[in-house]
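Asker: Here is how the chains run, residue by residue.
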Amino acid sequence: MIRVREKYGDRMTALESSYLTETLKGLSITLRHFLENTLTRKNTVTLNYPEEKKPYPERFRGLHRLMKRDDGQVRCVACMCCATVCPAHCIKIEAGEHDDHRIEKFPIEFSIDWLRCVYCGLCVDACPCDAIRMDTGEHPKPQIDRNGFLTTKIDLMKLGGPSVAVQGGVRPDNGEG
Amino acid sequence: MELLLISTLKVILVFAIVLGALSPLAGWAERRQSAMIQDRVGPNRASIGGFRAWGLFHPIADVIKLMTKEDFVPATRNRYLHTAAPMIAFWSAVVTFAVIPFGPWLQIANLDIGVLFIFGIASLGVYGATIAGWASNNKYSLLGALRASAMMLSYEVTLGLTVVGVLICFSTVGAQELVVAQAGPIWNWGIFKQPVAFVLFFVAAMAATKRAPFDLPEGESEIVAGYFLEYSGMKFVMFYMGEYIEMFLWSALATVLFFGGWQIPWVPFEGQTWYEFAGVAKFLAVLVAIAFLQMTVRWTLPRFRYDQVMDLGWKMLLPASIGNVVVTAVVIIATPAGGVLQRVALLVGNAVVVLVALAVAAAMKGENKIGVTTEALRTQRSEEAVH
Ligand code: SF4
Ligand code: SF4
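If you read the protein sequences in the order shown, they are chains B and H.
Each residue of the first sequence is one higher than the one before, starting from 1 at the first, in the numbering used here.
Each residue of the second sequence is one higher than the one before, starting from 1 at the first, in the numbering used here.
Keep in mind that the hints were calculated from the coordinates and are not lab data.
On a predicted model such as this, the values are computed, not experimentally measured, just so you know.
It is possible that part of the hints are untrue.
As the list claims (entries may be wrong) - 20 Å max Cα-Cα, derived SDA-like pairs, lysine to any residue:
id, chain 1, residue 1, chain 2, residue 2
1, B, K53, H, R45
2, H, K315, B, T23
3, B, K25, H, T300
4, B, K54, H, G42
5, B, K25, H, M295
6, B, K42, H, L358
7, B, K153, B, A126
8, B, K53, H, Q342
9, B, K54, H, M295
10, H, K315, B, E16
11, B, K105, B, K42
12, B, K53, H, R40
13, B, K25, H, V354
14, B, K25, H, L293
15, B, K141, B, L35
16, B, K42, H, V354
17, B, K25, H, Q38
18, B, K25, H, L358
To be verified - Here are the simulated distance ranges between beta carbons:
id, chain 1, residue 1, chain 2, residue 2, range
19, H, R45, B, N43, 14 to 24 Å
20, B, D155, H, K139, 53 to 63 Å
21, B, D155, H, E222, 44 to 54 Å
22, B, R41, H, E222, 33 to 43 Å
23, B, E36, H, V157, 36 to 46 Å
24, H, V224, B, E52, 28 to 38 Å
25, B, P142, H, R79, 16 to 26 Å
Yeah, the Cβ is synthetic: ideal placement off N, Cα and C, and Gly gets one too.
Input sequences plus hints: build the corresponding full structure.
Answerer: Written out as structure tokens, the structure reads:
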């Protein structure tokens, strides 16, 4: 059985319904908060955003970056997996033939429209060779016009770094690579 | 000629204090204070050369924005009245400061009927609200205007009556004479003779300024912005500023009536120059303190429902203020003037008024309680819900 106790019903005392004491109680609460926050900022939880930042969780999906091989070339092999899986159709890849026959393809141009991207992370999951990552932990910066969000391969690679993953899905125990 | 010059200087000084310093800062203070009360940071971004000064530049930024803003008007408005309404509201608030005695000599006009003049002009402010609501040709504006006129009329009665008690005590209506009469020890102040009148005056004044918790003429959650819904740019600012100025007006009047105006307790004024400055400073300090209290109440209490406001005004404040007038008059006549006996008798009279008011409120509780849903109303509602 549930017991219900009416706490704030119609049964106010005359003193309460004259508002006087209750207003004073309320005033003491607001004044206490006012003084505490002016003197010590004790309860203030607001962050002054651009200056103070809250650390994001480790797996936060931020801006993309294109990873590099040991020799500084882009790791991407223009397989189009990410562009295919992308629900926002915001990845544009123009593939070209690579001189090294083991690599075969590479992206001549690789651009992501950060304004259309929904930061789902599917492109990262789809990539077979750890070429694209979303671990920068940053937001796109505000821009004056839409084109500012269209990010080219060069800029994406500037964010990137070397990846130690073995290229091309070749497993180390094969004795190759 | 000399009189003209001095008067002009006084006008400039008073309006510099009221319009130049108090009102713009009130906007900043209110936003900042609400932030502190609600555990936020508040406006602090406007900066001049990277220097932010706790957001003190926000009023300047606001003014620039509002001055350059488009004055958007509804096509179906009444052209002349729509333009006149903010002027009336603003004018009636500003002009009353002419009789407020900021210091021994800092008073623009020492009218014999000072307090009555303030009430007369300040009550014209309701025309600004009513005309604005009607001339906007918008149903929300009209509703806001109706609420504003009903509420301000009800509360002005109480406001006037609470002051009568003080006027009886000091037997004058001149603003400067009232201050002079409160010279000497601190218990000569109006608040120690009429504490109940001060509380009633404070509540009624908050209602007269149409500020929360009595802001139902604006009621942004119900009627968007009430009577100034169809105003933008500087016209809107005139209503807004008028409201702030009115808040300072009632604070100033409370200072004059209850806190000895520019009189510093125990220190007599015998024409010393330092006293004139100290007196003005003391006046402004008390004024700001009362305004601060009004602002704090705004962030403390939720808005009253319309019927609750009417109940509070007509069934509690008005009878209590009438009772206060009667008791004060009887005490003043029955006891020798200026004696300790009179002071004590006045306080006892005030206590009697409070107790009687509470007893009446307790007795009325069963049939028509103030501020709470009655049992009958609740049954009626559940019956309606069934049908
Ligand atoms: S995160 Fe999602 S939407 Fe953004 S590029 Fe990758 S797949 Fe497309
Ligand atoms: S899935 Fe990886 S390798 Fe394939 S195109 Fe995208 S980034 Fe390049």
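Asker: Does each hint hold? Answer for all of them.
Answerer: Cross-check of the supplied hints:
1. The suggested pairing of B:K53 with H:R45 holds, with an alpha-carbon distance near 17 Å, which does not exceed 20 Å.
2. Distance restraint check for H:K315 and B:T23: the Cα-Cα separation of roughly 18 Å lies within the 20 Å cut-off, and the hinted pair is therefore satisfied.
3. At most 20 Å may separate the alpha-carbon atoms for a hinted pair to count; B:K25 and H:T300 meet this at roughly 10 Å.
4. Taking the CA atoms of B:K54 and H:G42, the gap is near 19 Å; set against the 20 Å cutoff, the hint holds.
5. Distance hint between B:K25 and H:M295 is fulfilled; the C-alpha atoms sit about 16 Å from each other, no more than 20 Å.
6. Annotation: proposed proximity of B:K42 to H:L358 is violated, straight-line Cα distance about 39 Å (limit 20 Å).
7. Restraint check for B:K153 and B:A126: the C-alpha separation of about 18 Å stays at or below 20 Å, so the hint holds.
8. Proximity of B:K53 to H:Q342 is assessed by CA-CA distance (about 64 Å); at most 20 Å being required, the pair is judged violated.
9. Under the criterion of a C-alpha separation no larger than 20 Å, the hint pairing B:K54 with H:M295 is inconsistent with the structure, at around 33 Å.
10. Using a Cα cut-off of 20 Å, the hinted pair H:K315 and B:E16 holds, with the two alpha carbons roughly 16 Å apart.
11. About 58 Å separates the Cα atoms of B:K105 and B:K42, which puts this hinted pair outside 20 Å; it is violated.
12. Using a Cα cut-off of 20 Å, the hinted pair B:K53 and H:R40 holds, with the two alpha carbons roughly 16 Å apart.
13. Restraint check for B:K25 and H:V354: satisfied, since their Cα atoms lie roughly 19 Å apart, inside the 20 Å limit.
14. For a cut-off of 20 Å, the pair hint linking B:K25 to H:L293 stands: about 14 Å separates their Cα positions.
15. For the hint pairing B:K141 with B:L35, the CA-to-CA distance comes to about 37 Å; that exceeds 20 Å, so the pair is violated.
16. At roughly 39 Å between alpha-carbon atoms, B:K42 and H:V354 are farther apart than 20 Å, so this suggested pair is violated.
17. Taken as a hint, the B:K25 and H:Q38 pair is honoured in the structure, with Cα atoms around 16 Å apart against an allowance of 20 Å.
18. Distance restraint check for B:K25 and H:L358: the Cα-Cα separation of roughly 18 Å lies within the 20 Å cut-off, and the hinted pair is therefore satisfied.
19. The given range of 14 to 24 Å is respected by H:R45 and B:N43, whose C-beta atoms sit roughly 21 Å from each other.
20. B:D155 and H:K139 have their C-beta atoms about 55 Å apart, which keeps the hinted 53 to 63 Å range intact.
21. Checked against the given bound of 44 to 54 Å, the beta carbons of B:D155 and H:E222, roughly 51 Å apart, stay inside it.
22. With their beta carbons about 35 Å apart, B:R41 and H:E222 fall inside the hinted range of 33 to 43 Å.
23. Take B:E36 and H:V157: their Cβ atoms lie about 40 Å apart, and the range 36 to 46 Å holds.
24. The given range of 28 to 38 Å is respected by H:V224 and B:E52, whose C-beta atoms sit roughly 36 Å from each other.
25. Restraint check, B:P142 to H:R79: a C-beta distance of roughly 42 Å breaks the suggested window 16 to 26 Å.
When the structure is compared with the earlier hints, violations turn up for hints 6, 8, 9, 11, 15, 16, 25 and for no others.
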